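Novice: Here is what each chain is made of, one letter per residue.
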Amino acid sequence: MNEQMKRSLAQGHIDRRSFMAAALAAGVTLSAASLMVGEAMAAEPKKGGKLRVGYTQGATSDSMDPATFNNDFMFALGYAVFSSLVELGPDGTAQPDLAEHFEASPDAKTWTFRIRDGVKFSDGKTVSARDVVASISYHMGENSKSGIKPLLVQIAEMKADGDNTVVFTLNEGNADFPYIFNDYHLGIRPAQADGSIDPATTIGSGGYTVESFEPGVRAVLKRRNDYWKPGRAHFDTVELMAIADPAARMNALITDEVDLIDRPDLKTIHMLKRNKDIKIHTQNGTLHYVLPMQTDVAPFSDNNVRMALKYAINREEIVSKVLKGYGVVGNDQPIAPSMPFYNAALKPRAYDPDKAKSYLKKSGLTSLDVDLHTADAAFNGAVDTSVLFSESAKAAGINIKVVREPDDGYWSNVWLKKPFCTSYWGGRPTADLMFSSAYAAGADWNESHFNNPRFNELLVQARSELDQAKRGEMYGEMQRLVSDEGGTIVPAFGQYVSAMNKRVQMPDAVTQLWDLDGVRFIERWWLA
Amino acid sequence: MSRLQKLILGRIGLGIVTLAVVSMLIFVGVDLLPGDLAQQILGQSATPETLAAYRLELGLDQPAYLRYFDWLGGVFHGDFGHSLANGRDVAELIGPRLAKTMFLAGYAAVIAVPVALTLGVLVALFRGTLFDRIANVLALSAVSLPEFFVGYLLILLLAVKVAAFPSLARLDDAATWGEALYRTFLPALTLILVVLAHMMRMTRAAIINVLASPYIEMARLKGMPPIKIILRHALPNALAPIINVVALNLAYLVVGVVVVEVVFAYPGLGQLLVDAVVKRDFPVVQAVGLFFAATYIVLNLIADVLSILANPRLRSGR
Chain A
4 MNEQMKRSLA
14 QGHIDRRSFM
24 AAALAAGVTL
34 SAASLMVGEA
44 MAAEPKKGGK
54 LRVGYTQGAT
64 SDSMDPATFN
74 NDFMFALGYA
84 VFSSLVELGP
94 DGTAQPDLAE
104 HFEASPDAKT
114 WTFRIRDGVK
124 FSDGKTVSAR
134 DVVASISYHM
144 GENSKSGIKP
154 LLVQIAEMKA
164 DGDNTVVFTL
174 NEGNADFPYI
184 FNDYHLGIRP
194 AQADGSIDPA
204 TTIGSGGYTV
214 ESFEPGVRAV
224 LKRRNDYWKP
234 GRAHFDTVEL
244 MAIADPAARM
254 NALITDEVDL
264 IDRPDLKTIH
274 MLKRNKDIKI
284 HTQNGTLHYV
294 LPMQTDVAPF
304 SDNNVRMALK
314 YAINREEIVS
324 KVLKGYGVVG
334 NDQPIAPSMP
344 FYNAALKPRA
354 YDPDKAKSYL
364 KKSGLTSLDV
374 DLHTADAAFN
384 GAVDTSVLFS
394 ESAKAAGINI
404 KVVREPDDGY
414 WSNVWLKKPF
424 CTSYWGGRPT
434 ADLMFSSAYA
444 AGADWNESHF
454 NNPRFNELLV
464 QARSELDQAK
474 RGEMYGEMQR
484 LVSDEGGTIV
494 PAFGQYVSAM
504 NKRVQMPDAV
514 TQLWDLDGVR
524 FIERWWLA
Chain B
226 MSRLQKLILG
236 RIGLGIVTLA
246 VVSMLIFVGV
256 DLLPGDLAQQ
266 ILGQSATPET
276 LAAYRLELGL
286 DQPAYLRYFD
296 WLGGVFHGDF
306 GHSLANGRDV
316 AELIGPRLAK
326 TMFLAGYAAV
336 IAVPVALTLG
346 VLVALFRGTL
356 FDRIANVLAL
366 SAVSLPEFFV
376 GYLLILLLAV
386 KVAAFPSLAR
396 LDDAATWGEA
406 LYRTFLPALT
416 LILVVLAHMM
426 RMTRAAIINV
436 LASPYIEMAR
446 LKGMPPIKII
456 LRHALPNALA
466 PIINVVALNL
476 AYLVVGVVVV
486 EVVFAYPGLG
496 QLLVDAVVKR
506 DFPVVQAVGL
516 FFAATYIVLN
526 LIADVLSILA
536 NPRLRSGR
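Taken in sequence, the protein lines are chains A and B. Just so you know, we're using my numbering here: the first sequence kicks off at 4 and counts up by one. Just so you know, we're using my numbering here: the second sequence kicks off at 226 and counts up by one.
Worth flagging that the hints you see were computed from the coordinates, not collected in a lab. Small disclaimer: the values here were computed from a predicted structure and weren't measured. Check before you lean on any hint, since a few could be wrong.
What the hints assert, rightly or not - If you want the footprint, here are the derived chain A segments under chain B, 3+ residues with CB under 8 angstroms: (1) 138 to 150; (2) 215 to 223; (3) 257 to 271; (4) 307 to 314; (5) 327 to 341; (6) 457 to 466.
No residue lacks a Cβ here, since even glycine has one placed at the ideal position from N, Cα and C.
Make the full structure from the sequences, and use the hints.
Specialist: The following block contains the structure:
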């Protein structure tokens, strides 16, 4: 009864009195019924208000240059001001955004994107295929320093076909090609006369314009009244503030200086919960933590050693002690339960020191000594995770020496360099993107140097396979291969946790890729 | 040219040489740090090609000494360069944050220095009494607690438990001077509590030291009231060490407040410097580093000049 009635109330088909009468007749108490009315009313977006956000990340080195976007502050700003061709919906599929339609040739090698008519940039000019080509080519080519360049290498040719059509010809078939355009780097900017974009421009076709921007301090965004997308962009103004210190961020929320904060300190979040004006939102997603072992370096080159280590780690303990319960146990492969083609049959390995010992025996060892390089720069709690692992592995005869590296320069000197370290992945929208970024042979970020011939074969096959069932089988097998033979220990998937004033509302279903509704909360959420 | 004028000119000359040496040390220091701007900004998403392209764009592929002299040449023309990270003009980037740092430092100094000196005189006057002991204990406690702890404590007491002041010191939103002072009261109070003890206790110690002299005993025998003895006879002779301590603390108020800036999310020079160092943004690090060095040099110079002026023997140069 509840959801149906609530929706009717929210849409105005029945009035409050009738709802209450029905609820009471169904045996709901008076106070619960009133609460339900409140909830139902809140489910419909309301325009107006000012949202103030306390963001953890945001540095004075930030700029509007999309090639250098590297923190949540800029991702959120980018999504609010610039449109993507495609956006990721709550169900994890690619939905039309600026591109109202996209389709592939049967071999998935040629893709045609149709750009919506009549969409205007904030300076009044109409968005055309030329702008799209200019915006994307900025991230391609020899001279590009963009973080998304590796994913655009597959584009052999890109051209505008008239004002509203862009045709992409790929090097090989890719059924998931549209998903790439959800990325925050690829917001569409106006093309200049010479076909390039101005990386510093603030003119976009998104729902908001930049009223002021002080990198590392704050940005103020104002809603555009001529935003073409229906049912989006509800806040009148949005103020993003960079508050790096966790205590300062939480205090700002408690004293009502901000309405929403990300990454509240998990150690003290139970105290934040006590505040009656604040609600905590947790979201399962694609974020996961990894301990990659380089599979071409001894002793990790022996799969028995890798399996021993996978059984020597206590995953439940890590979720409860390091993530404070805000996580889900992982099964040594990177595809999250929320993603399409997740293989639910692959169960996580329980902590089993005896099995670990037997695997060691199989590889001819009675004990094992390894160094684990870690720093909290890898992920918050990486050092704690490593220490817990070291302790739990002792029972299996494995001695893990935790080497604490400096935070500074971790990504240049430790990750991808040391044979056994810690890292994290924010996640990718599709299995293909995730596997291609970190597990494909020869990929720049293949941290475990994974090179399994069957996996590589399946990866290419599945990419161009348009039959969903067949793809599901292929990705299922690939997940098993990574879990059983790969060099990456994935102990847990992290949940996204955010805290906000009860006034802040979001749709019933939010996107599970990245924090805060795929970082698109500025145009999707509203104030009650 | 008088002795004092010669001294000042000499010190300015020396100061410029110091700044040059400091700029070289900063350059070497930033260069020695692992990684460079391209790696720090691209982070996990870096690939060898994108790193190379980024370095080429910023001129980071040039040898170190060329980059340093390029920068130095710019400085002689008054151009402090552009931030490597986002291309903003360094002078433009630093200007507003410098103003904010000076505002907060000034706010704290204007209250802290007179209060510290007055308290110092009072505890010297009432030395050994309960008042003296309590004042000392409180002041020492304030200075022993780390500044972020004092900051958190003030936020808890004055912003969360009692909603008297804002927990975020957002100067940009202040329309009037009064509002600016209100919004930045908590960080200013934190700074005041942190620097008060040092100045107060040095005042007390210097005065008590002078009070042991024979001419003070003479004044006492003459029947002068104690407060007059301290203000007219003891304090002027105790000024030199007090001025030095005040100068040191004023320099700290400009240079050492990054922790307070972080706790109150106050966009001053400290946070800018930390961000710039983390990203290896050399022109910004240089500009801020040199400003901090110059602050110390100027304040030390003023302190020395004032000490000389306060001492008639040094003034007349005999």
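Novice: Next, verify each hint and record whether it holds.
Specialist: Structure-based check of all given hints:
1. Three residues within the 8 angstroms Cβ limit are the bar, and the stretch 138 to 150 of chain A against chain B gives 6, so the coverage statement holds.
2. With 5 residues having a beta carbon nearer than 8 angstroms to a beta carbon of chain B, the stretch 215 to 223 of chain A meets the requirement of three or more and the stated coverage holds.
3. Counting residues of the stretch 257 to 271 of chain A whose beta-carbon sits less than 8 angstroms from any beta-carbon of chain B gives 4, enough to reach three: the coverage restraint holds.
4. Coverage of the stretch 307 to 314 of chain A by chain B is violated. Counting CB-CB distances below 8 angstroms, 0 residues qualify, and the rule asks for three or more.
5. For the stretch 327 to 341 of chain A, the stated coverage by chain B is not satisfied: 0 residues place a CB nearer than 8 angstroms to a CB of that chain, which falls below the threshold of 3.
6. Figure legend: the stretch 457 to 466 of chain A, annotated as covered by chain B; annotation inconsistent (0 residues with Cβ-Cβ distances under 8 angstroms, at least 3 required).
The earlier numbered hints that this structure contradicts are 4, 5 and 6.
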